[in-house]
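Chains A and B are the protein sequences, given in the same order. Quick note: to get the numbering used here, add 26 to the position in the first sequence (first position is 1). Quick note: to get the numbering used here, add 18 to the position in the second sequence (first position is 1).
Take every hint as true, because none was put in to throw you off.
Here are the simulated lysine to any residue pairs, SDA-like style, with alpha carbons at most 20 Å apart:
{"#": "1", "chain 1": "A", "residue 1": "Lys50", "chain 2": "B", "residue 2": "Pro112"}
{"#": "2", "chain 1": "A", "residue 1": "Lys130", "chain 2": "B", "residue 2": "Leu113"}
{"#": "3", "chain 1": "A", "residue 1": "Lys50", "chain 2": "B", "residue 2": "Gly111"}
{"#": "4", "chain 1": "A", "residue 1": "Lys63", "chain 2": "B", "residue 2": "Ile153"}
{"#": "5", "chain 1": "A", "residue 1": "Lys63", "chain 2": "A", "residue 2": "Ser97"}
{"#": "6", "chain 1": "A", "residue 1": "Lys131", "chain 2": "A", "residue 2": "Gln85"}
{"#": "7", "chain 1": "A", "residue 1": "Lys32", "chain 2": "A", "residue 2": "Lys130"}
{"#": "8", "chain 1": "A", "residue 1": "Lys63", "chain 2": "B", "residue 2": "Pro101"}
Which chain A residues face chain B? A few, computed with CB under 8 Å, are given here:
{"#": "9", "residue": "Ser59"}
{"#": "10", "residue": "Phe82"}
{"#": "11", "residue": "Gln85"}
{"#": "12", "residue": "Ile88"}
{"#": "13", "residue": "Asp89"}
{"#": "14", "residue": "Glu93"}
{"#": "15", "residue": "Pro100"}
{"#": "16", "residue": "Tyr101"}
{"#": "17", "residue": "Phe102"}
{"#": "18", "residue": "Gln103"}
What follows is a set of in silico ranges between Cβ atoms, one per label pair, in the way DEER data are often shown:
{"#": "19", "chain 1": "B", "residue 1": "Val68", "chain 2": "A", "residue 2": "Asp124", "range": "33 to 39 Å"}
{"#": "20", "chain 1": "A", "residue 1": "Val35", "chain 2": "B", "residue 2": "Pro112", "range": "16 to 22 Å"}
{"#": "21", "chain 1": "B", "residue 1": "Pro101", "chain 2": "A", "residue 2": "Asn83", "range": "39 to 45 Å"}
{"#": "22", "chain 1": "B", "residue 1": "Thr70", "chain 2": "A", "residue 2": "Thr115", "range": "27 to 33 Å"}
{"#": "23", "chain 1": "A", "residue 1": "Asp66", "chain 2": "B", "residue 2": "Glu138", "range": "49 to 55 Å"}
{"#": "24", "chain 1": "B", "residue 1": "Thr152", "chain 2": "A", "residue 2": "Gly65", "range": "22 to 28 Å"}
{"#": "25", "chain 1": "B", "residue 1": "Val68", "chain 2": "A", "residue 2": "Thr129", "range": "30 to 36 Å"}
{"#": "26", "chain 1": "B", "residue 1": "Asp139", "chain 2": "A", "residue 2": "Val125", "range": "30 to 36 Å"}
None of these hints come from the bench; they were simulated from the model. Glycine included, every Cβ here is placed at the ideal spot set by N, Cα and C.
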Amino acid sequence: MASGVKPRVKVPKTAAAGDEITIKTLISHKMESGQRKDGDGNLIPRSIINRFVVDFNGQNVIDVTLEPAISTNPYFQFDATVPESGEFTFTWYDDDGDVYETTKKIAVS
Amino acid sequence: MKLTRRDLLVMGSVGMGLTALGVTPAMASLTDDEIAKITGGAEVGAGDLVVTAPEIAENGNTVPIEVSAPGAVMVAIFADGNPTPAVATVKFGPLNPTHAASTRIRLAKTQDVVAIAQMEDGSFQKAKANVKVTIGGCGG
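Next up, chain A with everything else stripped away, as it sits in the complex:
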């Protein structure tokens, strides 16, 4: 279990229908690549987030497969279209089976 994992997401609170909005996400995670060695020369086993999915009202916005070459505290920025009011669901899948989830509501006028 990776400790201290905290997702942070920035979504505008309101938008006009059909608007393109920019979403920024960050999750604190070591993203241990499996290439590094500890003080005794032993390989530190890989422990990363391997998948990141964003949905809006059940429709997919972006689906990313992450490899060890993604930096510590994976950051993503992308755009989304919002046809109606609803909720963004952000899901991160950890190598160890953990799933981190957060949601953000947006009001469309």
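Once you have looked at the hints, place chain B on chain A.
What follows is chain B alone, placed relative to chain A:
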């Protein structure tokens, strides 16, 4: 034209230089393998796909990059010079208008960041950006 001994020497050395260049195996064989796996050997063209990366990255541990691929359903990103070239695969859903994403990646050394996009019609596009890395970022 009469060939002098000097002319012959010059020609010889140029020829050898060209041969050496031609014989050098492709640097990015691992990446090429991965790309072939995705495309299945299909032809890869150029297009609207753009990879944006800094020319010089002081710290290879976190290099900001951006891919922009209008009309693509999927973009795979590779780093030539990393121990494992795969970086990320991004699939764009129906609610994504711009088909662009930015993130931060690790680069072990100075190298090309390569992106392969699969378009809606099934064709492929390729783009790359060279990044000079001062301090590598893969540990070890």
